[in-house]
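S.K.: In case you want the letters, here they are:
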Amino acid sequence: MYDALTQSAVWRVKTPKSGLVAIALAAIVLALAPVAIGPGSLRLLVEVFTMIALAQAWNLLAGYTGFVSVGQQAFIGIGAYGMFAVALKMGLNPFSSVLVGGIVAAVIGAFAALALFRLRGPYFAIGTWVLAELFRIFFINTQYFGGASGLTLARVLRGIPRDVRLNTTYWLALALALGSTLLIYLLLRSRFGLAVRTVRDNEASAESAGVNVWGTKFMVFVLASFITGCAGAILYLNTMFVGANAAFSVKWSALIIFVVIIGGIGTIEGPIVGALVYFTLREYLSDFGTWYIITFGLVAIAAMIVAPQGIWGYVAGRFKYHLFPVEAEISKDLPR
Amino acid sequence: MSLSKGTSRLALLTSAAALTLGLGAAGAWPDTIKIGYISPLTGSHAEFSETDPFVLATMQSLLENGLEISGEHYDVEIISKDSQSSTDRAGNLAAQLIYDDDIDLLLIQDSLSSITAADQAELNGVPAISTMMPWQAWMFPRGGDPAVGFEWSYHFFWGLEDVIAAYQDIWTSVDTNKTVGAIYSADPGGEAFGSADFGIPAALGQLGFGHVNSGHFQEGIADFSPQISKFKTEGVEIIAGHSHVPDFSTFWTQAAQQELEPKVVTMAAALLFPSGLEAQGDRGDGLTTEVWWTPGFPYSSSLTGQSAAELAGQYETDTGRQWTQPLGYSHAIWEIGIEALKRAGDPHDKEAVRDVLASGNFDTIVGNVNWADTPIKNVAKTKVVGGQWRLGGDHQYQLLITNNASAPEIPVEASVVLLGDL
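Which chain is which? The protein sequence lines are A and B, in order. Using the UniProt record's numbering, count along the first sequence one by one with no gaps and you end on 336. Using the UniProt record's numbering, count along the second sequence one by one with no gaps and you end on 422.
Just chain B, with the same shape it has in the complex (with noise of 0.2 Å):
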């Protein structure tokens, strides 16, 4: 028995449209979903990212199997991009995420990029979580305004009034002769630390402390001597400020050759991370800092239900390295994509995630992450303490939390040491 022609032709054109529409189908299933990820893996911001790898091999595997979201299955796919700490490429990579990869979801790790790339997101419509940048220098260069905000870039992170509460915090639980001296890098950071308005010199202000303020220096100036004799002069016994490490590093081997011996050392950005104090051979000792994520926080991950201090232990296990303050940040970030796109009931449904975030309350590892009851809209604030680097423990340095004020439900681990009672 043989087919006639027009069976066949038939056959044929039934099988083909068959194949065509389980291509189509094996195109859509598994439904994928996007999440784009940026930070400044490599520059001068790199190390803000050292613990991204160990997030990010966190996240692969947790999302190995995809979510589960209103019923329906999604694979979960990551595309990590590296800002090279560059605002120019931030905001490249974030039009390319968004045009090419068609992102459900961009999180932004990286404080540079922040605003580059939020405002791809702005403008094109996609929800957008950032973090690791003071609020204000967030909002303000774009723009922003805190009364209005914006409608699809949200961040969370600390202002500069709550770095500076915890330093007012650090420097009124220890007897000095209430004269700071200040040293600011001609940079944003700098320029914000600096400003009369709402920086340090306007904390200084209301405390009745006294502030001797050098002017902003440019990085990589070789002499700190003018600031250095200056202070001597005044009497300065705190040393506050804003500065990189290289700079710090000068300004504080010059301080020591010059004997200028202050009692409290409290300067942002330089340090934040071990290196920066362990540049400073055993000198590091006793300086303090404003603390935003330790394992001593008394929080716990959403996702993998680890405390703080797991989390941190999990980090030394698994890299041999010394745990850094942005870990608790970049776990965060993932701990609240996830349950946005799980709380929009369709994860591609951007406007949804959107107005999960604008209405959200997320608790994760670093405290509770509110967007829906802020003064400020579209920021939501979270902790800092004060701080205080020792020599000893695992490592070179430890940090130990030493001010509580803004944050009583963080644990004090020991009080602040005056640099000449070592």
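With the rest of the complex left out, here is chain A (with noise of 0.2 Å):
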């Protein structure tokens, strides 16, 4: 019997384990970094899985969907107040109001994408911004929020000692950047992964193939909000304040695109390295004052003209590598 539904079975990738045993290994080492390094560098590295989480959800929009988003702030922020505002208000414990903002993030993505959807390539990427700055007008100007002045988590983060408060913090990030990470890689691999490449290569032909764009992008979307609103969320709680003007500041999305450009665009494994160039970058040359920033638009130029593909790129063109494998391959044993 040779039918659509055993062949379908023939869609394997090369090699399918790498990727999967990078993740558990990172995890084993990471979760156990508390014992062995201070609370500065906890901190640090909270800041680099948040935004190796918020690449990740950028990536899967822009690299592999094809839309290009400039308004990921707007989930940032709205992921920061929805937790400040169940901690705060609610009393609930502000390491499980993560997830909540990261769910008031995703409804709201969900909404939202039924406006944005109408607009397309760079009515897209502009709707997105100004939907970040509605929001941040919004929250600007609503006392419930602190208005302009912001919110405090302070009060609430007071009586919890210092120690559970890092590390908690510290393993939220890192479980929200290897759970992205792994939640992407898989669900790349599968076939609603080849139904979103589709639509990224060409939506008419994707639609012919009977795939269902609208729902294809509408899911891609609500998991790259939620995933950007839990990130925002730990983000803030690390900083332990929220004010509008910063959470929903379009520097946001100019990093997250650095982060992915520098990176790697359209691979899983860019991200990443876009993430850990970035904070290299920072932590050395931060004390140069405006150095800083003129050195990262040279480095950001440098790489365009070097490796338009990213540094990932770059390094799986030359040596045909992937750790995070998701292009499939028609395997040599066709089932018989």
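A portion of the hints provided could be inaccurate.
Said to hold, decoys possible - A few chain A positions that, by computed beta-carbon distances, are all more than 12 Å from chain B:
no. : residue
1   : 24
2   : 113
3   : 115
4   : 207
5   : 222
What the hints assert, rightly or not - Straight-line C-alpha distance at most 25 Å; calculated SDA-like pairs for lysine to any residue:
no. : chain 1 : residue 1 : chain 2 : residue 2
6   : B       : 178       : B       : 232
7   : B       : 34        : A       : 37
8   : A       : 251       : B       : 46
9   : B       : 34        : A       : 287
10  : A       : 89        : B       : 53
11  : B       : 34        : A       : 284
12  : B       : 350       : A       : 299
As the list claims (entries may be wrong) - Estimated spans, in silico, between C-beta atoms of each pair:
no. : chain 1 : residue 1 : chain 2 : residue 2 : range
13  : A       : 254       : B       : 254       : 50 to 58 Å
14  : B       : 306       : A       : 161       : 42 to 50 Å
15  : A       : 289       : B       : 196       : 39 to 47 Å
The set of hints was computed from the structure by calculation and includes no laboratory data. In this text, a Cβ means the ideal position worked out from N, Cα and C, and glycines have one as well.
Combine both chains into one complex, guided by the hints.
M.R.: Written as structure tokens, this is what we have:
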């Protein structure tokens, strides 16, 4: 027998285990980090991990599904404000509130998709930015959320011992970085992942091949909003204070795009590499004032000239190696 | 003669132990005090830090040979960080200074950072001194209560009520029709100055002045015609409010085009720095503002003995730039920090340093800073008077003190000239 059902079984990826092994190893080693490293480094890692998650979410949108958002800060801010609101106003544990922040961002992302999906290409990009600005203005003018002055979490965190607070925040950030990487990795290897890339490459042929284009885009957008919302909540759990001008700043999108482009767009390794490069540069250069910003610009320009596919794109192209392979290849042993 | 095996092993062990002890001692001595300093060297608030490299260089040379405290010698390490004018970055930097660098004292010369960085100090039990932010904006967003205060964070600056008193002083010293038109930016500053409870509208009510409120404008707005035409219809003679330089420039240019001719313009934020006036061309002449430090202040530095005029003079000589108001506060925060470490007896004893601050009374180049005797816990209020920018002097514009009702010890240098009489 050789029917459509068995034929679908030949869509297999080449090295199915390397990504899972890498994530499992990273999880074991990094989860134990609080034993070995100081609180300052832990906080830095929280920033690194949340950036990886933010970059993975944006890469899923731009690199795999083909829509460029410059309004990711909308969901960072909503995640953060959602978390602060339930922690401060309803007295929920601030750590569990992170999940609430993510869910609120996903719900708002779902509603936003209804309007945003009417726009295409650059119009979609500008639309996402407008959305973020709408929320910024809303939060600045809403006294319930502290208005332009913002909200502080110090009051509810004061009773929690320092180590508990730092370690829990760290584990949350680690879980989000690894979880989002794993989820996106598994997702892209599935049938759904194939549909996602078909939509990116050509919506019309995807539609004619039976892919539910709108539904696919919707699922991806909501998932990216959820991850971004969780990341926003953890970021501001780390700083303990949220203000609308900082949380809804377009700087976030610029930073995320920098990380993904430098690391390698359209690869799962790219956001991780990009985040590591960004934080390494920041830690070494941030004491040099304006030169710090100029150096970032030069790095971005250099990367675009030397390695337009980003660092990982360059490495993968040169050595034909993928730690997280998602491209399907027909295996040689066709089913009989 | 040869040493036995046992002796040589013993010798080896002894020398190893001595080496270890020696290294240990070398690591522990000289004892180093670490002071963290956060200021906005880059980003939207960079102007507030323009004088910082100069102040930091002064402190480096003063502390080069360390400090002598209660008969002990300490080296002093200054760790300066750039907040990039971001509240998020400032909080993370404060945590980094506390956790990684293990600082003994945190100094925060940054309006935005004073919230997040002070919260980090508070949660981690490190004494912190901050300035550059009206005390309300420092206390209330952090959930503070003036009757209770905080444990580890201490702030010195003025409050909204002091700035507004200086404005009232300016407005009542000149002859107008007592009608004020106001523009407020949609940000924390504009929100505070526009507050009906404690902002400019409330103060005008007390004075019996009329208030034409044009509401809050979004920063970067291109057209102020509705506000300007409203002010013209209502016969406004005084313009007030809170705006940053770019928006004020737009407003003031359009006011000229549309022939709005007020007698007095007093704007918070936009008129702090000479650059903000220079951006107006010659139309900066006669604009009025709050003044919290100038070379004309009658105070001197406890560190260098310099008068305010001498400090500003040295700054201008060394850098070739005009002095700005934050110079006094950047200097004063170090005066207080160093003095507090000295008074504590043991500068590493964080609780002792905190107690010195809590009961502290410090004479600085911005005047007396007193946390012992204050109705607002953890806040020491400093002086604000009224001033007017005039063309002329050593630079394009000079700032002259015109009104001093709240601080008679600060000498008046000129009286307010109405814009129409220039």
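S.K.: If a hint holds in the structure, say so; if it doesn't, say that too.
M.R.: Right, here's what the structure says about each hint:
Residue 24 (chain A), annotated as away from the interface, keeps every beta carbon of chain B farther than 12 Å; the closest lies near 29 Å. Every Cβ of chain B is farther than 12 Å from the Cβ of residue 113 (chain A); the closest lies at roughly 27 Å, confirming the non-interface assignment. No beta-carbon of chain B comes within 12 Å of the beta-carbon of residue 115 (chain A); the shortest separation is about 22 Å. Non-interface status of residue 207 (chain A) relative to chain B is upheld: no Cβ of that chain comes within 12 Å, the nearest being about 41 Å off.
With 12 Å as the threshold on Cβ separation, the claim that residue 222 (chain A) sits away from chain B holds: the shortest Cβ distance comes to roughly 26 Å. Using a Cα cut-off of 25 Å, the hinted pair residue 178 (chain B) and residue 232 (chain B) holds, with the two alpha carbons roughly 14 Å apart. The suggested pairing of residue 34 (chain B) with residue 37 (chain A) holds, with an alpha-carbon distance near 21 Å, which does not exceed 25 Å. For the proposed pair residue 251 (chain A) and residue 46 (chain B), the alpha carbon gap of about 17 Å is at most 25 Å, so the pair holds.
For the hint linking residue 34 (chain B) to residue 287 (chain A), the alpha-carbon distance of about 17 Å falls within 25 Å, and the restraint holds. Distance restraint check for residue 89 (chain A) and residue 53 (chain B): the Cα-Cα separation of roughly 43 Å exceeds the 25 Å cut-off, and the hinted pair is therefore not satisfied. Taking the CA atoms of residue 34 (chain B) and residue 284 (chain A), the gap is near 20 Å; set against the 25 Å cutoff, the hint holds. Between residue 350 (chain B) and residue 299 (chain A), the direct Cα distance comes to roughly 42 Å. Violation of the 25 Å bound is thereby established for this hinted pair.
About 31 Å separates the C-beta atoms of residue 254 (chain A) and residue 254 (chain B), a value inconsistent with the hinted range of 50 to 58 Å. Look at residue 306 (chain B) against residue 161 (chain A): about 46 Å separates their beta carbons, and that is inside 42 to 50 Å. Distance hint check for residue 289 (chain A) and residue 196 (chain B): the Cβ-Cβ separation is about 41 Å, which falls inside the suggested range of 39 to 47 Å.
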